[in-house]
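Protein chains: 2
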Amino acid sequence: MKPGIPKGTRDFSSTEVAKRNYIFNTIKHSFENFGFQPIETPSFENSETLMGKYGEEGDRLIFKILNSGDYLKDVRRNVIEAVTISSVFNSLLDLLIEAQKREEGNIDPFFDNLDLVFSQIKNIKEDQKTFFKTFFTDNKEDVKSSLELFFSEEVFEKDLIFELIPFRERLYKKLFSKHIDEIKVLDSKKNTSLISEKALRYDLTVPFARYVVQHQNEITFPFKRYQIQPVWRADRPQKGRFREFYQCDADVVGSTSLWQEVEFVQLYDTVFSKLGLNGTTIKINNRKILSGIAEVIGASDKLIDFTVALDKLDKIGKDGVVKEMLEKGISAEAIEKVQPLFNFSGSNQDKLASLEAMLQGSEEGLQGVADLKTVVDSVESIGLDSASLELDVTLARGLNYYTGAIYEVAAPEGVKMGSIGGGGRYDDLTGIFGLKDVSGVGISFGLDRIYLVMEELGLFEAVELPKPKVLFLNFDENESLEKVKIIKTLRSNDIKAEMYPDVATSNNQQKKQWKYAINREIEFVVTTIENGTLVVKDMVVGEQTTCSLDELINKVQ
Amino acid sequence: MKPGIPKGTRDFSSTEVAKRNYIFNTIKHSFENFGFQPIETPSFENSETLMGKYGEEGDRLIFKILNSGDYLKDVRRNVIEAVTISSVFNSLLDLLIEAQKREEGNIDPFFDNLDLVFSQIKNIKEDQKTFFKTFFTDNKEDVKSSLELFFSEEVFEKDLIFELIPFRERLYKKLFSKHIDEIKVLDSKKNTSLISEKALRYDLTVPFARYVVQHQNEITFPFKRYQIQPVWRADRPQKGRFREFYQCDADVVGSTSLWQEVEFVQLYDTVFSKLGLNGTTIKINNRKILSGIAEVIGASDKLIDFTVALDKLDKIGKDGVVKEMLEKGISAEAIEKVQPLFNFSGSNQDKLASLEAMLQGSEEGLQGVADLKTVVDSVESIGLDSASLELDVTLARGLNYYTGAIYEVAAPEGVKMGSIGGGGRYDDLTGIFGLKDVSGVGISFGLDRIYLVMEELGLFEAVELPKPKVLFLNFDENESLEKVKIIKTLRSNDIKAEMYPDVATSNNQQKKQWKYAINREIEFVVTTIENGTLVVKDMVVGEQTTCSLDELINKVQ
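Residue numbers (the numbering used here), protein chains in the order written: chain F, 1 to 557; chain U, 1 to 557.
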């Protein structure tokens, strides 16, 4: 067996772990610096906690965990039941066909003498008799017309599993449509809840909402929490998209203050500045402005089409955008009303003024402008370290759940990469778990993309890799104990040090130890000890010197 | 729906995360200080990587992940096949019974005219005819005698799923025993590989072995790796045993040096000393000594019984131990030979001398004594910070895979807790994945138990909890911007600070802000700013003062 890992997952080498941890720790430090507190939730949740929260697509992409023990028990029971009822149904159908032939199409006698019919079926159970009797009595006319229709079809076959035979199945459905769901056995989707009760975390937001509701009496609101944990999605893996990846989220729940929206802009700026990722653009928008635009163009269902088209202004020009909007069914008058958006440049203040004029007809839109103005004014007054804030009305991410601020961060210009962060405000995070009217606002950092951008820009140079600073070669058994004692002293001075474990008994083995030092890029190699003096080779400059232990400590620290 | 989490899993509050991270970071720091490098492996592995590596019990306790998409496809195909063949079998059986009655027990005509028989079965397929024909032809005598036996039974029933009917099933098995495995449908165990190809990590050792083999060309050996990641086990949850928990492992592969065994004693000592967990006992043994004892008592299969009984010396005394050993079938002569173990006290050196005398008859045993002496001598010469090293011949953990050193760490005396760490040497870690003769030695830290011990001993006092150091109350909107600017300065001085986001517009709301400060145990509260001077309340001493921003920074840092 050639060892491998599931597609879409990754092993991380020491260097990769060190670089990733550098990003994690920077984000964590800033989160805590801003007053956010960490929580952690289990890797898997009860399925009912996750299912139905991410739409149909999400439900499909959630990794489900098989129940322990005899997980097929319920499925087996259903199959047996279905096969049994299907068998009785088949026998009934045979008898019906005979009756129909015998009576030349008149099947009334069949229905009038059901007990006689049942007596001809082997092993029919009492509850099945009751079921079919009630069914035939309650739906006599329906069944008769269904049967007539059925017999008018020329082809039909007989088998035991109704799913195999389209004609029979159609009749079966017609006759028992109410019951078809229960007996549609071995359908993958319908059986999932029978064999799986737990599922892997799909994002951090739903578990967070569950956490807040479950622990509401232990939490002090407003609750500023952060969470850095892996999530899992059964997405088709592709470049930069994995089945296991980390999310880094910071959210505040229980406050509607715009100061929180200001703070998240500062938080993005702080983290990216600390990472040395200068020149990021924090794009901001407000859902209410989008609602205002929808109101002005008189078509809220066209909002996505509108923003998608508008987003292409740079690429296809005004005429192209207008053409696309018209094609999507947005009226010429509506487009006329939002003219200012086609020359939407200048400072954030210019844009706000332009929006304010444009959205005079929409109360909600004006509220959005006011909110955004508060955020923009505050950020301008406080100042950012390395990022710039840019009002972007085409920003429409999470349109279905964001209700206020919408954020997205673009990597520094020149780096080809999608957004490296995003977030927004949602008015009802915890409602799905029964705690109403809790507003939240939060942002997320895209670890894998940030990693790629930093790699591209060479920003990992400063990261200390997990390797010894000093290696003691092991050529002479008589020196080993002394070396180990010196290593203890180095380590207690917080200097990473180790001795090559196996003593070299040949030239080749000595070479192997030197190769180890080179492969692991170790800076200082102690070859031997002469009367308490260390013989040290500086592997970077390639120079060999002798020094005392204290001198080595000073040299290395 | 009342929100909850799966049994055996845990939510971690901020305080718990902070305390756990304190332990993780201490372990991590020491691992790296000792020259170990981190790796990370995916949360789930291909099932074939994990299954069969932990025994039958382990296979049962591994969490399996349901395949995506139509995961029941193969199961469905098998069921349909089985039901179909079962139906043909039932029809054949009906015809056989008729034939048997008709011919008064002579069923030869039945076998001689199989084509005639098949013609009476509706919808029988060609491949089924071939299957049954070959079967009846090849096994005529067998089938006949089986049938006679079957007919001598008084009770039998007829149904479609053979599993439901014991008599029919027995006949079915007799007739088709070679095929029963394929058609034993919907058995949970047998279907797992059809519906699940991935499984959650069960420990860190097997994924590490897989990693080493897969990446052998990128790795420099000896490879000192550490790994701190969660693992999952479908164990019955109980106090201190969880379904999701972290393992913290450090291992070296590719070296047989005893210096590594010395180093792990030092590593345990360093980590526990740094955690303030003074007075731990690092118990050590060597598998070869156990083999020597087995040789001396002349019964290697009784080794576990022997060590288990010997371990009770303190509790039940020498007579009790001897009695138990005799009951377990260890001979009186054998017990006589290992007399020294019943007075096994004194220093490690005393114990080694006693063992050396006792194991003179066993070459392997003497090798074990020599190895252990090297480790004990070295550790004594180097010195430990807070732990003590204790030779313990009853230490027999992992007897099935450890081949050299065996470690176990006991919490400080007075704390009731099982081992808080353990490990040992294994000669063939990577053999299961095709890389032979790679020796490894490693240790593990039991995070959850260490956490409980530290909680009991009050060792978390020093841990800095993730909460702001300074809270700015928000009573006056006109001050907010200035406060936010001051907070920016505090944060850039690495002081955790925040402003209460929502402005208080009533007495009650002001109280709520004070309550927030008290609940989160925030040390300094800035109430207001008067002409650039901050009004600060020290919440610990309950004193209110005024100071400049610089003074606040000095006070808080």
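A few of these clues could be false.
Each pair may be met inside one copy or between any two copies, as identical chains are not told apart.
To be verified - In the DSS-like style, the derived pairs of lysine-lysine whose C-alpha atoms are separated by at most 25 Å in a straight line are: (1) K190 - K2; (2) K302 - K555; (3) K28 - K485; (4) K488 - K373.
No lab work stands behind these hints: they were computed from the structure.
25 Å Cα threshold - placement of K555 relative to K302: Neither: 68 Å inside a chain and 57 Å across chains, both beyond 25 Å.
Can you tell me if K28 and K485 fall within 25 Å by alpha carbon in one copy, between copies, both or neither? between (37 Å within a copy, 22 Å between copies)
K488 and K373: within-copy, between-copy, both or neither at 25 Å Cα: between (60 Å within a copy, 20 Å between copies)
Homomeric proximity label, K190 with K2: Cα distance no greater than 25 Å: For K190 and K2, the Cα distance is within 25 Å only across copies (24 Å; inside one copy 36 Å).
The earlier numbered hint that this structure contradicts is number 2, and it is the only one.
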